[in-house]
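Asker: The chain contents come next:
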Amino acid sequence: MTGEPLLEVRSLRTYFATEQGDARAVDGVSFEVREGETLALVGESGCGKSVTALSILGLVPEPPGRVLPGSSVRLRGEELVGASETRLREIRGGEIGMIFQEPMTSLNPVFTVGNQVSEAIREHQSFARRPGESRSAAIRRTTIEWLGRVGISEPELRHGYYPHQLSGGMRQRVMIAMALSARPAVLIADEPTTALDVTVQAQILRLLASLQEELGTAILLITHDLGVVAQTADRVLVMYGGQIVEEAPVAPLFREPRHPYTEGLLHAVPDLYRRRARLAEIPGSVPHAAAWPEGCRFRPRCPYAWERCFEPPPLVAGSAEGPARQDRCWLEEEPKRRAGAGFGVAVRPAGSP
Amino acid sequence: MSSGGNVILEARGLTRRYPAGRQAETTGSVRAVEGVSLRIRERETLALVGESGCGKSTTARLLLGLEPPSAGEVRYRGRELGALSAAEMRVFRRSVQLVFQDPFASLNPRLTVGSMLAEVLAVHELVPRAKRPERIAELLKLVGLDADAANRYPHEFSGGQRQRIGVARALAVEPELIVADEPVSALDVSIQAQVLNLLADLQARLGLSYLFIAHDLAVVRQVADRVAVMYGGRIVELARADELFARPLHPYTKALLAAVPSLRPPEARRRNADPSLPEGEVVDAPSFGCPFYPRCPSPAKDGECVAALPALEERRAGRWVRCVKA
Numbered sequence: 001m002t003g004e005p006l007l008e009v010r011s012l013r014t015y016f017a018t019e020q021g022d023a024r025a026v027d028g029v030s031f032e033v034r035e036g037e038t039l040a041l042v043g044e045s046g047c048g049k050s051v052t053a054l055s056i057l058g059l060v061p062e063p064p065g066r067v068l069p070g071s072s073v074r075l076r077g078e079e080l081v082g083a084s085e086t087r088l089r090e091i092r093g094g095e096i097g098m099i100f101q102e103p104m105t106s107l108n109p110v111f112t113v114g115n116q117v118s119e120a121i122r123e124h125q126s127f128a129r130r131p132g133e134s135r136s137a138a139i140r141r142t143t144i145e146w147l148g149r150v151g152i153s154e155p156e157l158r159h160g161y162y163p164h165q166l167s168g169g170m171r172q173r174v175m176i177a178m179a180l181s182a183r184p185a186v187l188i189a190d191e192p193t194t195a196l197d198v199t200v201q202a203q204i205l206r207l208l209a210s211l212q213e214e215l216g217t218a219i220l221l222i223t224h225d226l227g228v229v230a231q232t233a234d235r236v237l238v239m240y241g242g243q244i245v246e247e248a249p250v251a252p253l254f255r256e257p258r259h260p261y262t263e264g265l266l267h268a269v270p271d272l273y274r275r276r277a278r279l280a281e282i283p284g285s286v287p288h289a290a291a292w293p294e295g296c297r298f299r300p301r302c303p304y305a306w307e308r309c310f311e312p313p314p315l316v317a318g319s320a321e322g323p324a325r326q327d328r329c330w331l332e333e334e335p336k337r338r339a340g341a342g343f344g345v346a347v348r349p350a351g352s353p
Numbered sequence: 354m355s356s357g358g359n360v361i362l363e364a365r366g367l368t369r370r371y372p373a374g375r376q377a378e379t380t381g382s383v384r385a386v387e388g389v390s391l392r393i394r395e396r397e398t399l400a401l402v403g404e405s406g407c408g409k410s411t412t413a414r415l416l417l418g419l420e421p422p423s424a425g426e427v428r429y430r431g432r433e434l435g436a437l438s439a440a441e442m443r444v445f446r447r448s449v450q451l452v453f454q455d456p457f458a459s460l461n462p463r464l465t466v467g468s469m470l471a472e473v474l475a476v477h478e479l480v481p482r483a484k485r486p487e488r489i490a491e492l493l494k495l496v497g498l499d500a501d502a503a504n505r506y507p508h509e510f511s512g513g514q515r516q517r518i519g520v521a522r523a524l525a526v527e528p529e530l531i532v533a534d535e536p537v538s539a540l541d542v543s544i545q546a547q548v549l550n551l552l553a554d555l556q557a558r559l560g561l562s563y564l565f566i567a568h569d570l571a572v573v574r575q576v577a578d579r580v581a582v583m584y585g586g587r588i589v590e591l592a593r594a595d596e597l598f599a600r601p602l603h604p605y606t607k608a609l610l611a612a613v614p615s616l617r618p619p620e621a622r623r624r625n626a627d628p629s630l631p632e633g634e635v636v637d638a639p640s641f642g643c644p645f646y647p648r649c650p651s652p653a654k655d656g657e658c659v660a661a662l663p664a665l666e667e668r669r670a671g672r673w674v675r676c677v678k679a
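Chains as they are written, first to last, in the working numbering: chain A, 1 to 353; chain B, 354 to 679.
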């Protein structure tokens with residue numbers, strides 16, 4: 001679970017030109033994905049989590065986007081920022097697999113699902129011929145094996161189905177087959193279950209976990225759903241304002257969040273097992289990426305904020321827990337300020353003076 | 354308050370069937386509603402939950418009178434909708450308001466929020482023209498927006514603010530009941546909390562009732578007094594929220610609850626092997642027997658589940674379940 005770094009992202013900056021100036025969507029993000037682990041990248045709309053994924057894959061549309069000089073993405077030491085499109089094409093769907101929220105938009109509606117899985121298998125040479133077996137027969141057999149492996153019943157029959165003939169959950173299974181058949185070292189899963197019903201989500205998460213165990217694939221899971229994070233991740237990165245604001249192993253993060261934004265999220269989300277008298281509110285909303293607040297980007301929404309927060313806080317290791325935990329908050333230096341403030345405290349009802 | 358209050362709106366054996374068309378064939382979606390009976394009382398929140406295609410939104414449309422039922426009836430304050438006079442119908446249209454997932458999807462982008470609210474007030478002749486600006490300011494304050502929001506256009510607002518405006522529009526006509534169809538499912542967690550708190554505050558202040566339609570069970574836990582769980586167009590369980598979440602009776606309710614990822618990380622990474630999780634996905638409900646039977650992890654051995662549709666039985670006061678084994 002805590003193997004060697006496979007994928008290292010260093011000082012990643014991805015900006016987009018807008019009428020209001022540069023939107024600093026990803027603004028100095030560093031992390032690593034290790035062998036076999038599930039690393040969750042969690043945050044709300046506009047925090048930069050999906051742009052981080054696109055940047056890793058070399059899929060940022062340029063213009064209006066650009067990955068700034070000094071950014072680095074290394075896969076087993078090989079630099080991907082500035083790599084040739086040919087090489088990136090090889091890596092995408094090869095060493096780095098991808099699945100997205102809506103498989104319908106990633107699948108081609110005019111080809112059968114068998115055809116599309118076969119194509120992935122052919123392109124990445126991820127099949128082995130048995131004695132006397134033709135190349136195309138081997139590809140077809142491998143395709144059907146994969147369809148079965150991801151839980152598609154009657155795979156020989158479904159091989160000939162078009163995407164629209166399958167349910168959302170089945171289409172996501174097809175995407176998983178396409179992504180994992182190439183035996184990627186890392187799977188980037190961007191909100192893979194967000195469009196699915198909750199019972200289907202549970203099935204897909206279970207499937208991903210069991211394939212991960214079998215194949216040893218590392219997963220970079222991008223999600224807004226804290227429950228999904230709690231149940232699937234080994235480590236968590238919390239993003240806000242284009243930056244990582246907290247990094248921690250999953251259990252400590254949920255037990256004792258250190259960054260005020262993480263704390264706010266955990267108090268704001270309804271809990272199936274405990275009705276809260278009142279949900280905590282994080283006041284206001286996420287600012288535009290072309291106009292991040294000065295200093296700490298969470299400052300205008302933070303119940304602890306004081307003068308020092310006009311200076312940007314660094315991402316530092318929490319005092320007691322060593323380098324596995326980091327957060328970007330001046331409270332690490334002035335912990336006494338936590339007392340008596342925070343998101344557990346009652347808030348004023350809306351509409352009252 | 355789950356009982357005792359007067360009934361505002363009631364469904365009796367509400368049914369909506371669509372002719373089996375090409376869409377039903379290819380997507381296998383279950384759009385019909387079959388024999389739904391429920392009551393929404395004063396000052397309560399009744400949640401209608403279920404997954405895509407379970408019939409919850411169709412039930413809402415039938416309750417609002419936006420679609421005619423194929424069978425059964427809707428009663429407002431004890432009178433069938435079809436029997437209401439034109440004047441009474443206007444009262445019904447005003448008393449029961451709808452809040453959408455994205456209220457602005459259906460709004461004129463060229464109208465300021467103030468003009469939009471003024472239009473609503475004018476249509477229902479509730480407030481004399483001279484008093485309207487005052488009432489608009491009051492409504493905006495009620496939903497936690499500044500008075501200057503009246504001069505701005507829909508696109509100038511964030512998702513959470515738009516939902517506040519949607520609520521203000523519903524409140525403008527002083528309704529008794531708000532039907533909220535997935536009102537927070539498009540919102541980020543931090544904004545979702547703001548809107549859920551707002552709805553709770555408004556209920557306390559104005560004595561509103563809500564029919565809250567949602568797929569997110571944690572959200573339902575937070576807001577509901579009573580919960581109706583739908584599957585395959587039918588109610589399979591109906592109970593007080595605390596009872597339903599503490600001790601679900603129907604296997605589908607159990608499956609839904611088991612499928613929600615908990616906010617407590619497991620000790621070690623474990624395979625999610627909960628036996629109550631169903632296999633497969635929502636399929637067309639079979640034409641006889643229990644609608645959940647094809648996916649049920651624990652059906653009766655003697656074929657009772659397929660023999661006939663189980664009745665929705667009241668096991669204890671206010672505790673209904675449609676299952677021969679529960």
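No lab work stands behind these hints, which were simulated from the structure alone. A virtual CB, placed ideally from N, CA and C, is assigned to each residue, including glycine. Treat the hints with care, as some may be off.
[Claimed, not checked] Label pairs and their calculated CB-CB ranges:
#, chain 1, residue 1, chain 2, residue 2, range
1, B, P421, A, P63, 47 to 55 angstroms
2, B, G366, A, P287, 47 to 55 angstroms
3, A, P252, B, R365, 24 to 32 angstroms
4, A, E79, B, T465, 50 to 58 angstroms
[To be verified] Residues from chain A that face chain B, not an exhaustive set, calculated with beta carbons under 7 angstroms:
#, residue
5, V60
6, L75
7, T142
8, L157
9, A182
10, R183
11, A195
12, D197
13, V198
14, Q231
15, F254
16, E256
17, D271
Asker: Are the hints correct? Go through all of them and say.
Answerer: Now for the hints, and whether the structure bears them out:
Between B:P421 and A:P63 the CB atoms are about 53 angstroms apart, so this pair conforms to the stated range of 47 to 55 angstroms. B:G366 and A:P287 have their C-beta atoms about 52 angstroms apart, which keeps the hinted 47 to 55 angstroms range intact. At roughly 53 angstroms, the beta carbons of A:P252 and B:R365 sit outside the given window of 24 to 32 angstroms. At about 52 angstroms, the beta-carbon gap between A:E79 and B:T465 stays in the expected band of 50 to 58 angstroms.
Interface restraint check: A:V60 against chain B, minimum CB-CB distance 23 angstroms, threshold 7 angstroms, status violated. Evaluation of the A:L75 hint against chain B yields a violated restraint, the C-beta minimum of about 24 angstroms exceeding 7 angstroms. A cut of 7 angstroms between beta carbons decides the hint on A:T142: the least distance to chain B is about 25 angstroms, and the hint is violated. This hint is violated: A:L157 has a C-beta 15 angstroms from the nearest C-beta of chain B, more than the 7 angstroms allowed.
Using the Cβ-Cβ criterion of 7 angstroms, the hint placing A:A182 at the interface with chain B is not satisfied: the shortest such distance is roughly 24 angstroms. A hinted interface residue such as A:R183 counts as satisfied when its beta carbon comes closer than 7 angstroms to some beta carbon of chain B; here the least separation is about 21 angstroms, so the hint is violated. Look at A:A195: its Cβ only gets to about 10 angstroms from chain B, farther than 7 angstroms, so that hint breaks. Look at A:D197: its Cβ gets to within about 4 angstroms of chain B, closer than 7 angstroms, so that hint holds up.
Because the smallest distance between the Cβ of A:V198 and any Cβ of chain B comes to about 5 angstroms, under 7 angstroms, the interface hint for this residue holds. Hint status for A:Q231 relative to chain B: holds, with the closest Cβ pair at about 4 angstroms, below 7 angstroms. Here the hint on A:F254 is kept, as its CB sits about 5 angstroms from the closest CB of chain B, short of 7 angstroms. The closest approach between the C-beta of A:E256 and any C-beta of chain B is roughly 12 angstroms, which is over the 7 angstroms cut-off, so the hint fails.
For the restraint placing A:D271 at the interface with chain B, the shortest Cβ-Cβ distance is roughly 6 angstroms, inside the 7 angstroms limit, so the hint holds.
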